[in-house]
Amino acid sequence: MKRPDLSVEIAGIKLRNPVMTASGTFGYGEEFAAYVNLEKIGAIITKGLSLKPKAGNPTPRIQETTGGMLNAIGLQNVGIDAFIEKKVPFLRTVNTPAIVNFFGNTVEEYAELAERLDKIPEVAGMEINISCPNVKHGGIVFGTEPKAAYSVVKAVREATIKPVIVKLSPNVTDIVEMAWACADAEADALSLINTLTGMAIDLKSRRPILANVTGGLSGPAVKPVALRMVWQVAKAVKIPVIGIGGIMSGTDALEFMLAGATAVQVGTANFLDPAASERIAAEMEQYLVNNGITDVKELIGALQV
Amino acid sequence: MQFKATIISNQEVSPGYFRMRITAHPELTGAQPGQFVMVRVRDAIDPLLRRPFGIFDVGTVPSEYPGCSSATYLEMLYKVVGKGTETLSTYHHGDHVDIIAPLGTGFDLGDPEEEKILVGGGVGIAPLYYLAKTLVGRSRVRFFLGGRTRDDILCVTEFERLGVETYVSTDDGTLGDRGLVTDVMERHVREDGRKKTIYACGPMPMLKAVAGIARQTGTSCQVSLEAYMACGMGACLGCVVKGRDHGDETPDYRCVCKDGPVFAFDQLMWV
Numbered sequence: 001m002k003r004p005d006l007s008v009e010i011a012g013i014k015l016r017n018p019v020m021t022a023s024g025t026f027g028y029g030e031e032f033a034a035y036v037n038l039e040k041i042g043a044i045i046t047k048g049l050s051l052k053p054k055a056g057n058p059t060p061r062i063q064e065t066t067g068g069m070l071n072a073i074g075l076q077n078v079g080i081d082a083f084i085e086k087k088v089p090f091l092r093t094v095n096t097p098a099i100v101n102f103f104g105n106t107v108e109e110y111a112e113l114a115e116r117l118d119k120i121p122e123v124a125g126m127e128i129n130i131s132c133p134n135v136k137h138g139g140i141v142f143g144t145e146p147k148a149a150y151s152v153v154k155a156v157r158e159a160t161i162k163p164v165i166v167k168l169s170p171n172v173t174d175i176v177e178m179a180w181a182c183a184d185a186e187a188d189a190l191s192l193i194n195t196l197t198g199m200a201i202d203l204k205s206r207r208p209i210l211a212n213v214t215g216g217l218s219g220p221a222v223k224p225v226a227l228r229m230v231w232q233v234a235k236a237v238k239i240p241v242i243g244i245g246g247i248m249s250g251t252d253a254l255e256f257m258l259a260g261a262t263a264v265q266v267g268t269a270n271f272l273d274p275a276a277s278e279r280i281a282a283e284m285e286q287y288l289v290n291n292g293i294t295d296v297k298e299l300i301g302a303l304q305v
Numbered sequence: 306m307q308f309k310a311t312i313i314s315n316q317e318v319s320p321g322y323f324r325m326r327i328t329a330h331p332e333l334t335g336a337q338p339g340q341f342v343m344v345r346v347r348d349a350i351d352p353l354l355r356r357p358f359g360i361f362d363v364g365t366v367p368s369e370y371p372g373c374s375s376a377t378y379l380e381m382l383y384k385v386v387g388k389g390t391e392t393l394s395t396y397h398h399g400d401h402v403d404i405i406a407p408l409g410t411g412f413d414l415g416d417p418e419e420e421k422i423l424v425g426g427g428v429g430i431a432p433l434y435y436l437a438k439t440l441v442g443r444s445r446v447r448f449f450l451g452g453r454t455r456d457d458i459l460c461v462t463e464f465e466r467l468g469v470e471t472y473v474s475t476d477d478g479t480l481g482d483r484g485l486v487t488d489v490m491e492r493h494v495r496e497d498g499r500k501k502t503i504y505a506c507g508p509m510p511m512l513k514a515v516a517g518i519a520r521q522t523g524t525s526c527q528v529s530l531e532a533y534m535a536c537g538m539g540a541c542l543g544c545v546v547k548g549r550d551h552g553d554e555t556p557d558y559r560c561v562c563k564d565g566p567v568f569a570f571d572q573l574m575w576v
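Going down the list, the protein sequences come from chains A and B.
Numbering follows this note's numbering, with no gaps: position 187 of the first sequence is 187.
Plus 305 on top of the position in the second sequence (first one is 1) and you've got this note's numbering.
One chain only, chain A, in its complex shape (with noise of 0.2 Å):
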């Protein structure tokens, strides 16, 4: 039998099969390409980049849950110099689509950062990071109000012609209002969700684990609440979405494109199988060889309601 067509197009950016690995999981890419063979995912989406380099919060930053964990790194990155310089070269040797997450403080620093990418032959696309729960500044709250979102996305629109894919986030009343903020905006694509917020207690010093009381939660744990948001937005919407939210299995991914994603990040996973994201672009192939499915784009949005 011919191999299945696993490739998939997100705002053009053409993937030979669905799976991306999320942003903060996976470094740069570089510190994962002894485990993982990067010419078998679809996309890299890298660590969340600013401006000038950012120190992140205190620690502790990290504490396992059940079927999860919480993390407050607080967006510690490189800062844009130091990423063109050092990590861009690495980038360039992979034949694999990198997408470059970032986030600013203002609305003038997305433009900014938008249109210094913009000129990066090796950036294939751009994740704007508008809904990180772990700082003040620096996303969440244009990720929390249509009309901030709004702001945001138009001025990146304008201050590149690369694809902008805007991340959201789940900590809202209305994910689906949050959406069409974006697509008024012209985002070429949205992917959800990013990390819900939660905390950890210390019951013998009675105190919050993280250094900064709360965190993001994501892994398994958050799989539900993703699949409901990917499925409420991607009917919502007419641009592509991608689901994100406790993947660990090729199953799990094919969940998420029923609901209507594109394609699909995987995060958590990362940590605890560095190979995550090649076995389960593995796993989603096997399955569609085994029901006789010859095209992965069959599946996208055909969940029977």
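Honestly, the hints are just simulated from the structure, not real lab data.
Each hint should be verified, as a subset may be incorrect.
To be verified - Below, computed lysine to any residue pairings styled on SDA-like, alpha-carbon distance capped at 25 Å:
#, chain 1, residue 1, chain 2, residue 2
1, A, Lys52, B, Gln572
2, B, Lys547, A, Pro208
3, A, Lys86, B, Lys513
4, A, Lys52, B, Gly548
5, A, Lys40, A, Pro208
6, B, Lys384, A, Gly67
7, B, Lys513, B, Ser394
8, A, Lys119, A, Pro53
9, B, Lys438, B, Gly387
10, A, Lys204, B, Lys384
What the hints assert, rightly or not - Among chain B residues calculated to face chain A with C-beta under 10 Å, some are:
#, residue
11, Met343
12, Gly387
13, Lys388
14, Gly442
15, Tyr533
16, Cys536
17, Pro556
18, Leu573
19, Val576
To be verified - Covered, in the sense of this in silico footprint (three residues per stretch, anywhere, with C-beta under 8 Å from a C-beta of chain A), are these stretches of chain B:
#, region
20, 348-360
21, 540-549
Bear in mind that the values here come from a model prediction, so they are computed numbers and not experimental data.
We put the CB at the ideal spot given by N, CA and C, even for glycine.
Place chain B on chain A using the hints.
Relative to the frame of chain A, chain B by itself:
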């Protein structure tokens, strides 16, 4: 590298402390003392993350079957503290775990002419055994190990068998000298003026005390840190510690997993 390991043995060496020997990839014989492994305890989502363990020992044993090549093993020494280690403690010969190793940067073995002072607290002696094994024969090695009580003093015989001079102290005096291991170590460091290197692993207050002694006496010193970590390869940035140049305006975070777990003491901020 990542490999499936078979458990050869898993023995409780003291109440709550276990020593596990597993099969290992032959390349592991090249691991440096101080490097660590990430263990996926179960192929399930609870516990979810891998657990980091210092390499206690690596070696080869002749195969049980004539004509077959020798077998590589790796040992971990661990304390049962939570879900991951509790699960690990129930495993027996023939069970499997998934391993990523070797990770991190190890100890710098330094000048063979210098005396080596090893200081370990409780289960913090774990990476020091493989270090001692590598150092003996090259340098004079003295080992100071401490714990709250006699149950926290592990594997003394193993160190002695290597030919290492071993000094034990406990907080409650139930084994060896009564008092802090760092006090005993300090006396020995100060007693003669010869150049030495200190290697330490254990709880943070102990490491702080060791760093203080190293600073006061002008002794070179390397510490091996423990930290919660998710990935073990420098991607999640969950395990960072403050480097010596850290300030509000000059962030200097170092990843325990990738920049460490071994650091020269003067590379870190100790306050």
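Right, here's what the structure says about each hint:
1. A:Lys52 / B:Gln572: With Cα atoms ~24 Å apart, Lys52 of chain A and Gln572 of chain B stay inside 25 Å; holds.
2. B:Lys547 / A:Pro208: holds (21 Å)
3. A:Lys86 / B:Lys513: Violated, at about 34 Å.
4. A:Lys52 / B:Gly548: holds (19 Å)
5. A:Lys40 / A:Pro208: violated (40 Å)
6. B:Lys384 / A:Gly67: Judged against 25 Å, a Cα distance of about 23 Å means the pair holds.
7. B:Lys513 / B:Ser394: Distance of about 30 Å is beyond 25 Å: violated.
8. A:Lys119 / A:Pro53: Measuring from Cα to Cα gives roughly 20 Å; hence the hint holds.
9. B:Lys438 / B:Gly387: violated (30 Å)
10. A:Lys204 / B:Lys384: holds (19 Å)
11. Met343: holds (9 Å)
12. Gly387: For Gly387 of chain B, the interface hint holds, since the closest Cβ of chain A sits about 9 Å away, which is under 10 Å.
13. Lys388: Result: holds, 8 Å to nearest chain A Cβ.
14. Gly442: Violated. Min distance 32 Å.
15. Tyr533: Interface hint status for Tyr533 of chain B: holds (6 Å vs cutoff 10 Å).
16. Cys536: holds (5 Å)
17. Pro556: holds (3 Å)
18. Leu573: violated (13 Å)
19. Val576: violated (13 Å)
20. 348-360: Check passed, 6 qualifying residues.
21. 540-549: Answer holds; 7 residues pass the 8 Å Cβ test.
Of the numbered hints given earlier, the model fails hints 3, 5, 7, 9, 14, 18, 19; all others are met.
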